[in-house]
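First to last, the protein sequences are chains A and B. The opening position of the first sequence corresponds to residue 601 in our numbering, with each subsequent residue numbered one higher. The opening position of the second sequence corresponds to residue 5 in our numbering, with each subsequent residue numbered one higher.
No lab work stands behind these hints: they were computed from the structure. From a predicted model like this one, the values you see are computed outputs, not experimental measurements. Among the clues, some could well be false.
Anything over 10 Å on all C-beta distances counts as not near chain A; from chain B, calculated [claimed, not checked]:
1) 30
2) 155
3) 159
4) 167
5) 206
6) 254
25 Å max Cα-Cα, derived SDA-like pairs, lysine to any residue [said to hold, decoys possible]:
7) A:778 / B:184
8) A:772 / B:184
9) B:148 / B:25
10) B:148 / B:161
11) A:778 / A:720
12) A:778 / B:174
13) A:708 / B:155
14) A:718 / B:184
15) A:778 / B:25
16) B:148 / A:823
17) B:148 / A:708
18) B:148 / A:732
19) B:148 / A:717
20) A:778 / B:164
21) B:229 / A:715
22) B:148 / A:778
23) B:229 / A:694
24) B:25 / B:122
Ideal Cβ positions, reconstructed from N, Cα and C, are used throughout, including at glycine.
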Amino acid sequence: MAQPEKEGNAVSKEQGPVLQVRGLGKFYGEACPHCINSTGPAWESNICPACGTIVACAEISFALMAGSVLGVVGESGSGKSTLVQCLYFDLAPSTGEAFLGSYVGGKKNIFAASAQEKRLMRNKLMGMVYQNPQQGLNLDFSAGGNIAEKLLMAGCFHVGRIRARAGALLEKTEVPLKRLDHLPRFFSGGMQQRVQIAKALANNPGLVFLDEVTTGLDVSVQAKVLDLIRSLQRELALTIIAVSHDLGVIRLLTDYTLVMKNGRIVEQGLTDQILSDPQHPYTQLLVSSLL
Amino acid sequence: MAQRTRYKRGYNFAFLDESSKKELRRAMLKAVAIPGYQVPFASRELPLAQGWGTGGLQLTMALIGPEDILKVIDQGSDDVVNAVNIRKLLVQTTGVATTEDTQRATLIQTRHRIPEEPLCSWQILVFQVPYPEPLRLVEPSEAKTREMHAEADYSRLWVHLYEDIVRWGEITIGAQYPVMVNGRYLMDPSPIPRWDIPRLHMADHLNLFGAGREKRIYAVPPYTKVEPLEFEDYPFRVEDFRGKSCAACGSTSTFLDELLEETTGKRTYTCSDTSYCAKKRAARD
Ligand SMILES: Nc1ncnc2c1ncn2[C@@H]1O[C@H](COP(=O)(O)OP(=O)(O)OP(=O)(O)O)[C@@H](O)[C@H]1O
Ligand SMILES: [Mg+2]
Ligand SMILES: [Zn+2]
Numbered sequence: 601m602a603q604p605e606k607e608g609n610a611v612s613k614e615q616g617p618v619l620q621v622r623g624l625g626k627f628y629g630e631a632c633p634h635c636i637n638s639t640g641p642a643w644e645s646n647i648c649p650a651c652g653t654i655v656a657c658a659e660i661s662f663a664l665m666a667g668s669v670l671g672v673v674g675e676s677g678s679g680k681s682t683l684v685q686c687l688y689f690d691l692a693p694s695t696g697e698a699f700l701g702s703y704v705g706g707k708k709n710i711f712a713a714s715a716q717e718k719r720l721m722r723n724k725l726m727g728m729v730y731q732n733p734q735q736g737l738n739l740d741f742s743a744g745g746n747i748a749e750k751l752l753m754a755g756c757f758h759v760g761r762i763r764a765r766a767g768a769l770l771e772k773t774e775v776p777l778k779r780l781d782h783l784p785r786f787f788s789g790g791m792q793q794r795v796q797i798a799k800a801l802a803n804n805p806g807l808v809f810l811d812e813v814t815t816g817l818d819v820s821v822q823a824k825v826l827d828l829i830r831s832l833q834r835e836l837a838l839t840i841i842a843v844s845h846d847l848g849v850i851r852l853l854t855d856y857t858l859v860m861k862n863g864r865i866v867e868q869g870l871t872d873q874i875l876s877d878p879q880h881p882y883t884q885l886l887v888s889s890l891l
Numbered sequence: 005m006a007q008r009t010r011y012k013r014g015y016n017f018a019f020l021d022e023s024s025k026k027e028l029r030r031a032m033l034k035a036v037a038i039p040g041y042q043v044p045f046a047s048r049e050l051p052l053a054q055g056w057g058t059g060g061l062q063l064t065m066a067l068i069g070p071e072d073i074l075k076v077i078d079q080g081s082d083d084v085v086n087a088v089n090i091r092k093l094l095v096q097t098t099g100v101a102t103t104e105d106t107q108r109a110t111l112i113q114t115r116h117r118i119p120e121e122p123l124c125s126w127q128i129l130v131f132q133v134p135y136p137e138p139l140r141l142v143e144p145s146e147a148k149t150r151e152m153h154a155e156a157d158y159s160r161l162w163v164h165l166y167e168d169i170v171r172w173g174e175i176t177i178g179a180q181y182p183v184m185v186n187g188r189y190l191m192d193p194s195p196i197p198r199w200d201i202p203r204l205h206m207a208d209h210l211n212l213f214g215a216g217r218e219k220r221i222y223a224v225p226p227y228t229k230v231e232p233l234e235f236e237d238y239p240f241r242v243e244d245f246r247g248k249s250c251a252a253c254g255s256t257s258t259f260l261d262e263l264l265e266e267t268t269g270k271r272t273y274t275c276s277d278t279s280y281c282a283k284k285r286a287a288r289d
C-alpha cells in the first residue's frame, strides 16, 4: 500500500505533468456527426439540435503540474462535475484520453485501463470530495470506517495501523478524534466535508478532486473549510482540481483556471491573469459580477 | 443394463427428469470451472418445502447414480427429521444404498456441517445453502452485488468487519463466515461453523453448494484455496473448545454441541458429528 507514514508526494516538476487530458468528451444520447459543431458557447446550448444528444462536455484538453491547483469555473450545467467524475472513473467518457504521471509513467491512457486497474488508481492515486457528502461517504459507516475503506482497498489489512492513520487524518482535518467511531450521518455539514477530505487524503494521493466542497455550507463554515484546504495544500504539496461556480473560491484556492460554458472550455490560464484580464465575454461577465 | 426396481414407479430415477438433470450438471460444471462464482439455475419444484434444502437436494438428484452410497446429515446428525426426510425421498426415487459412515459414502448431502473425518477425492459433499450471497449483509441490491463480484470489489464487507472489531473487539460472525475462494471470489460457505472453514481449504474432495430459493449453485473444487477474511492483527480463529471434551466418546478434537441439563444446570458437550462419535465409541468399547 501507499505508505501512510509518508506525507505529501515527491513528484518533481521535471517528471512532466501529473495529469494530461486530451479531447475529453461525455455525451448523453445517440450522438451524430453534428453534435460537436452545433453545440457549445456559440450556440448557447449543450444539446445537439440534430439528434438531441446532450454534450455534457467536449474537446476538454489541459495539463496539470505537480503541486499546482487548477480551478474549474462555470455556470450550472456547464460540465464541471462531468469532467472531474470522468477523471475519477465515476463516469465513462465518450471521447478522449487522459494520462496520469503516476500510472505507467504517463504513457498509457487511463480510460483504456481494466476495471480493476481503474479501481486501484482511484483508491491509491486519487482522492475525491463531492459536493454532497452522501456521495462521498457511506453514512452507515463510522468516520473511521469511511477512511478505512480507502486504506483497505490500498491493501492495508491491519486494524491498528488503519486506526492510527485515520486518527492522524482526522486530526489534520480538524475533526475531534473522539468522532473516529461515530457515524457522519449525525455530523454537521462542515464536519462531513472534513471527513470527506480526510478520506480523500488517506493514501497520499497524487491528485485530489474537490467538487463544490463548500457550496452547501454556511458562509462562516465555508471560510474555515477553505482555510483548511489551503493549509493542507501547502503542507502536503497537493495537486488539486477544484470545481466551483464561485469565482471567489477559485481566486482563493487556485493557480490556474479553466472557464467552462455549455460543455466547453472558453478560456484557460493563470488565475491571476484571468481575473485581471479576462478575454472571453463570458469570463468578463463572471469577473465583473465578482467585483 | 440391469434395471433397479426398488425405487418407486411413476417417477424418473432420482425424481428429476433427465433434461433438468443435464441443465443442473451444466451449471455445476460451470461452478467448478469458476470456483466460488454463483451460477444461476432454474430451480425445480420438489415434493419438499423450500427452505428444507431443495437446492442441495437438486444437486444430489442430478449427481446420484445407482452405485452411489448416500449419506445425509443435518447439523452433523444423520437422524434429525430434515436428514431423514431427504434420505427417504432419495432412497424411494433411486434405490441407492445409504450409510452413516462418512468414509464409506460416495455422496454426502449436508446442512450446516462438514463431517469430522477427512473426505477423499472420490467423495462429493453437497451443501444446502439458505443465503448464497455473502455481500447481502452490506448491499441489498442483487444488481449491485453482482457488479461488486465482477469487479472483485469487496471493500464494503471489509469495512463492515473493521467496524465489527471496533465495536465488539472481534469479528462477531460465527457461522457462515465469508471466505475468498481461489483468491478471486468472495463466497458464503453456508452456515457451517468457523471450525469447518479450514477444512474447505485445499481439500481432496469436491464441494458443491446449492441454494434452492435463490436459485444459485457454486463450488469449491478439490485443491482450491479457501481463505477466511481476516486482519493481520485480528486473525481468523475457529471455535475454542479447550478444556472441553465429548461426554459420550471423550473426543477433544471435534466440534462440540453444548447441552444444558435442565435439572442440574450443568453444561455438557457432545460431538456434533454423531456418526463419528458413535464410531469412536464403538472403537473404544
Ligand atoms: N445522466 C445524465 N443524463 C443526461 N444529461 C446529463 C446527465 N448528467 C448530467 N447531464 C447534463 O450534462 C450537463 C453537465 O452537467 P454537470 O453536472 O457536469 O454540470 P455542472 O457544471 O457540474 O453543474 P452544477 O454547477 O449545477 O453542478 C448538464 O446539462 C446536465 O443536465
Ligand atoms: Mg456540478
Ligand atoms: Zn463424541
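Hints and how they fare:
Residue placement check: residue 30 of chain B keeps its beta carbon more than 10 Å from all beta carbons of chain A (closest about 27 Å). The claim that residue 155 of chain B lies off the interface is violated: its Cβ sits roughly 5 Å from the closest Cβ of chain A, which falls inside the 10 Å cut-off. Against the 10 Å criterion, residue 159 of chain B falls within the reach of chain A, whose nearest CB is about 5 Å from its own CB. Distance check on residue 167 of chain B: its Cβ comes as close as 5 Å (rounded) to a Cβ of chain A, failing to clear the 10 Å threshold; non-interface status is violated.
The Cβ of residue 206 of chain B sits about 21 Å from the closest Cβ of chain A, beyond the 10 Å cut-off, so the non-interface label holds. Separation of residue 254 of chain B from chain A is adequate, the least Cβ-Cβ distance of about 39 Å exceeding the 10 Å criterion. Taking the CA atoms of residue 778 of chain A and residue 184 of chain B, the gap is near 34 Å; set against the 25 Å cutoff, the hint is violated. In summary, the hint linking residue 772 of chain A to residue 184 of chain B is not supported, as the alpha carbons are separated by about 35 Å, beyond the 25 Å threshold.
At roughly 30 Å between alpha-carbon atoms, residue 148 of chain B and residue 25 of chain B are farther apart than 25 Å, so this suggested pair is violated. Restraint check: the Cα-Cα separation between residue 148 of chain B and residue 161 of chain B comes to about 13 Å, which is no more than 25 Å; the hinted pair holds. Distance hint between residue 778 of chain A and residue 720 of chain A is unfulfilled; the C-alpha atoms sit about 30 Å from each other, more than 25 Å. Restraint check for residue 778 of chain A and residue 174 of chain B: satisfied, since their Cα atoms lie roughly 20 Å apart, inside the 25 Å limit.
Between residue 708 of chain A and residue 155 of chain B the alpha-carbon distance is near 21 Å, which keeps this suggested pair within the 25 Å criterion. Annotation: proposed proximity of residue 718 of chain A to residue 184 of chain B holds, straight-line Cα distance about 22 Å (limit 25 Å). Restraint check: the Cα-Cα separation between residue 778 of chain A and residue 25 of chain B comes to about 58 Å, which exceeds 25 Å; the hinted pair is violated. About 38 Å separates the Cα atoms of residue 148 of chain B and residue 823 of chain A, which puts this hinted pair outside 25 Å; it is violated.
For the proposed pair residue 148 of chain B and residue 708 of chain A, the alpha carbon gap of about 29 Å is over 25 Å, so the pair is violated. A hinted pair counts as satisfied when its Cα atoms are at most 25 Å apart, and residue 148 of chain B with residue 732 of chain A qualifies at roughly 21 Å. With a C-alpha separation of about 19 Å, the suggested pair residue 148 of chain B and residue 717 of chain A falls inside the 25 Å cut-off, and the hint holds. Straight-line distance between C-alpha atoms of residue 778 of chain A and residue 164 of chain B comes to about 20 Å, which keeps the hinted pair within the 25 Å bound.
Straight-line distance between C-alpha atoms of residue 229 of chain B and residue 715 of chain A comes to about 24 Å, which keeps the hinted pair within the 25 Å bound. Distance hint between residue 148 of chain B and residue 778 of chain A is unfulfilled; the C-alpha atoms sit about 33 Å from each other, more than 25 Å. About 40 Å separates the Cα atoms of residue 229 of chain B and residue 694 of chain A, which puts this hinted pair outside 25 Å; it is violated. Pair hint residue 25 of chain B plus residue 122 of chain B does not hold up; C-alpha atoms about 28 Å apart against a cutoff of 25 Å.
Going down the numbered hints, you'll see the structure goes against 2, 3, 4, 7, 8, 9, 11, 15, 16, 17, 22, 23, 24, while the others check out.
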